[in-house]
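K.L.:
The primary structure of each chain is shown beneath.
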Amino acid sequence: MNLSKSFCLEVSGPFACFTRPEMKVERVSYDVMTPSSARSIFEAVLWKPAIRWRVHRIEVLKPLRWINLRRNEVSAVVSTRNVQQAMAAGSGTLGLYIEDERQQRAGYFLREVAYRIHADLSLVPGRPGEPLMKYTEMFTRRAGKGQCVNQPYLGCREFAADFRLIDLSTPPATAPITETRELGWMLHDLDFTHPADPQPRFFNAKMVAGVIEVPPFEEARG
Amino acid sequence: MILQALNDYYRRKCDDPDPAERLPAFGLEQKEIFFLLEITAEGKLVQLIDTRTLNGKKKVAQIFRVPLGVKKSSGVVANLLWDTLEYVLGVDTKGKSERVVEQHAHFVARIKALPQATQEDAGIQAVLAFLANMDLKQLQAEPAWAQAFEINAVMSFRLHGDVNLVCQRPAVVNAALNVGTDVDERLAMCLVTGNDAPVQRLHAAIKGVWGAQSSGANIVSFNARSFESYGKTERQGENAPVSTAAAFAYTTALNHLLRKGSSQRIQVGDASAVFWADKDSAFESAIPNIFGEPPTDNPDRNAQAVQALFSAMHSGKPAGPDGQTRFHMLGLAPNAARISIRFYHCLPLYELSERILQYFKDLELARGPHDPQFPSLFRLLAAVAVQNKADNIPPNLGGAIVDAVFAGPDVPYPSLWLNAAVGRCRGEQNVNYLRACAIKACLNRQIRHSTVTPSNVIQEKEFLPMLDLSNANPAYRLGRLFATLEKIQEEASPGLNATIRDRYYGAASSTPVAVFTTLLRLKNSHLKKLSSGRAMGFEKLLGEILSAVVDFPKHMALPDQGRFALGYYHQRQAFFTKISDTPNATPSNPEGN
Chain A
1 MNLSKSFCLE
11 VSGPFACFTR
21 PEMKVERVSY
31 DVMTPSSARS
41 IFEAVLWKPA
51 IRWRVHRIEV
61 LKPLRWINLR
71 RNEVSAVVST
81 RNVQQAMAAG
91 SGTLGLYIED
101 ERQQRAGYFL
111 REVAYRIHAD
121 LSLVPGRPGE
131 PLMKYTEMFT
141 RRAGKGQCVN
151 QPYLGCREFA
161 ADFRLIDLST
171 PPATAPITET
181 RELGWMLHDL
191 DFTHPADPQP
201 RFFNAKMVAG
211 VIEVPPFEEA
221 RG
Chain B
1 MILQALNDYY
11 RRKCDDPDPA
21 ERLPAFGLEQ
31 KEIFFLLEIT
41 AEGKLVQLID
51 TRTLNGKKKV
61 AQIFRVPLGV
71 KKSSGVVANL
81 LWDTLEYVLG
91 VDTKGKSERV
101 VEQHAHFVAR
111 IKALPQATQE
121 DAGIQAVLAF
131 LANMDLKQLQ
141 AEPAWAQAFE
151 INAVMSFRLH
161 GDVNLVCQRP
171 AVVNAALNVG
181 TDVDERLAMC
191 LVTGNDAPVQ
201 RLHAAIKGVW
211 GAQSSGANIV
221 SFNARSFESY
231 GKTERQGENA
241 PVSTAAAFAY
251 TTALNHLLRK
261 GSSQRIQVGD
271 ASAVFWADKD
281 SAFESAIPNI
291 FGEPPTDNPD
301 RNAQAVQALF
311 SAMHSGKPAG
321 PDGQTRFHML
331 GLAPNAARIS
341 IRFYHCLPLY
351 ELSERILQYF
361 KDLELARGPH
371 DPQFPSLFRL
381 LAAVAVQNKA
391 DNIPPNLGGA
401 IVDAVFAGPD
411 VPYPSLWLNA
421 AVGRCRGEQN
431 VNYLRACAIK
441 ACLNRQIRHS
451 TVTPSNVIQE
461 KEFLPMLDLS
471 NANPAYRLGR
481 LFATLEKIQE
491 EASPGLNATI
501 RDRYYGAASS
511 TPVAVFTTLL
521 RLKNSHLKKL
531 SSGRAMGFEK
541 LLGEILSAVV
551 DFPKHMALPD
561 QGRFALGYYH
571 QRQAFFTKIS
581 DTPNATPSNP
591 EGN
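If you're matching them up, the sequences are chains A and B in order.
The first sequence begins at 1 in my numbering and counts up one residue at a time.
The second sequence begins at 1 in my numbering and counts up one residue at a time.
Hints listed in this document are in silico derivations from the structure and should not be mistaken for laboratory results.
As the structure is a prediction and not an experimental result, all values here were calculated from the model.
Even for Gly, the Cβ is constructed at its ideal location relative to N, Cα and C.
Hints should not be assumed to be uniformly reliable.
[Said to hold, decoys possible] Label pairs and their calculated CB-CB ranges:
id	chain 1	residue 1	chain 2	residue 2	range
1	A	Asn204	B	Glu284	26 to 36 Å
2	B	Glu42	A	Ala76	36 to 46 Å
3	A	Gln199	B	Lys279	29 to 39 Å
4	A	Glu182	B	Glu284	48 to 58 Å
5	A	Arg111	B	Asp502	35 to 45 Å
6	A	Leu94	B	Val77	31 to 41 Å
7	B	His160	A	Gln199	27 to 37 Å
8	A	Thr180	B	Asn388	52 to 62 Å
9	B	Gly27	A	Gly90	37 to 47 Å
10	A	Ala173	B	Ser74	20 to 30 Å
11	B	Ser262	A	Glu182	23 to 33 Å
12	A	Ala173	B	Asp502	40 to 50 Å
13	A	Ala76	B	Val77	46 to 56 Å
14	B	Met313	A	Ala173	51 to 61 Å
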């Protein structure tokens, strides 16, 4: 029997970009945090192959504000063939000349965001003998101290997030916003059963009084 | 949300009770056809018609509803019954003769691939007969041939005696509508509609975004390696699965909103903004009237639209059921072959009206007789550009301002606007009406925004449209002081070419302490030249202004320079309104209203 324990983190940051798949080049963010970004924040604090995070609730704490930015980026990727050759040969040129590959990409990002995200920590099925308490204790300790493997980010790595472990027994200090609206089809997560060809899964997202209830991954369609 | 909203708009317009208003169904599109080959039923050429008419200085071709064109890239693909001259006639215009032969072959093959029933239609038979027995000399003898050849014009066929084109005949339209999608296409869930459907690989181009390439640009495109994710290299559409029907719907809707002469779009800076509503509403086409530039033959159009909005708000109309209609505002900016979303807002009508009215309330300012009451956005932007030239307007500014207007009643305007306005005041050494409006609007929004978020600074008062005697902000008072000193100089030495404003405005605005000591000393000699009553009045006014100024600051930051400019403008306006009333000043008059 797989028990799971619920945790809550409050994350905030000056900018966020939960990129919509259809507007990925000139980035436009979803209105609220996606479950996959919430999962990435939990995984930044603690992840082991034995555990799995499942986000079930996202609360929006600040009203939606947007900003439009234009940034210089590159249009090419380093070729994997070159990397493999360099690895085999021991040396090689892997550099990218940005002057030749420069692309200006605009972005419509969120600003001044704060969310409370709730997720369940559970064990991956098929691994007998692992105690759940070991991982819950690890997470509570690490999150309490602010320890993380990589800096948690809000959608894109350059938008760093501050996080704080919330004790669910005490009532929360800030209430979610009172807005209720339909958010359309939102990316839930990606299905990696075929690692070479991940498939997106979507769910019909609704924000009710600032709270988004995230259905289980199996119910998301794709 | 954006694609979904456009999809819903397309569905709404397809069900429009007026058939002329309906958007083309899946499989058809609106296209400009420049030349028509009029042929008899046997396939003989009657004439080559030029459909272009002179619209101002530009020649505009007629628009027809034709079968959906294929997206042209580097391969040879033909459209059905309409295409460029090289495809239709197989005549080489650019010197690539083998390619032209292939193009023509594809074009004919496409017609021959139609179902047998369609091919028996009289129009198709005539076209096939014409193409089989094409007489190039007769074509080249046509007067319109030279123009068509030069621009490799898009052309199509029409039967002699018909009003519609051959590709608009019912048999052909049916065939175009029933065209099946490739059976071997993968089904995936569409992220716009949620249905399982074949995925559109390359989305149709959006034309009409000013500044993008003329062949159209895409919102959804993945045309470089770094734009693809999750290993979906060279499988463009799969990076964002959108079904073919949804892709057609949103591109058609957007092209319709962006078409030439559309009443639902305006240009703000480099952003093309479109507006649409969830239900039919008269307000849909009113927004461009409010923000856009009024046409020269109807300069009051803007003012009338805004007055109509004010009166509607007062009569309580937007609060009713019509007020719940949701409006969508989408700003698009070009980036070569792509389009970026500059802003997107979705608001019910009553909120939208409130925000627009707040925008005008913030801009309200005491004005001279020739200043417009509701300045258009373009005028406001040109006033903060170098030399008032439209080319020098910072490109992002218009879009950012409109974004702030729709985002909320207290969202601060971009600081670039305030900085540019103050900078121009210093550069041109005067504060005109439009710049003062911009400064007042930016400062008031800043003040309101800082009261919304908690702060422990003393609440600053918002600026009124006219002179505010009770405003004790030191920078504002210094601006008023500068205006008073200038007035004293003007009255003492009438007919001066350069007042202290031309010499000292910049320094007084940025480093007051260096300048005001000199000016206050000089004013004494000016006051000696005035009558004693008038001099007394001015002294009283100076005393009242300086009562709130404890010390002259060494430097003033840009927002304070904005307050300085506003104080200067208010005091000048107050002087001018009083001068027109009473030429004989009594001691209490120069204090303004």
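K.L.:
If you test the structure against every hint from before, which numbers come out violated?
P.N.:
2, 4, 7, 8, 9, 10, 12, 13 and 14
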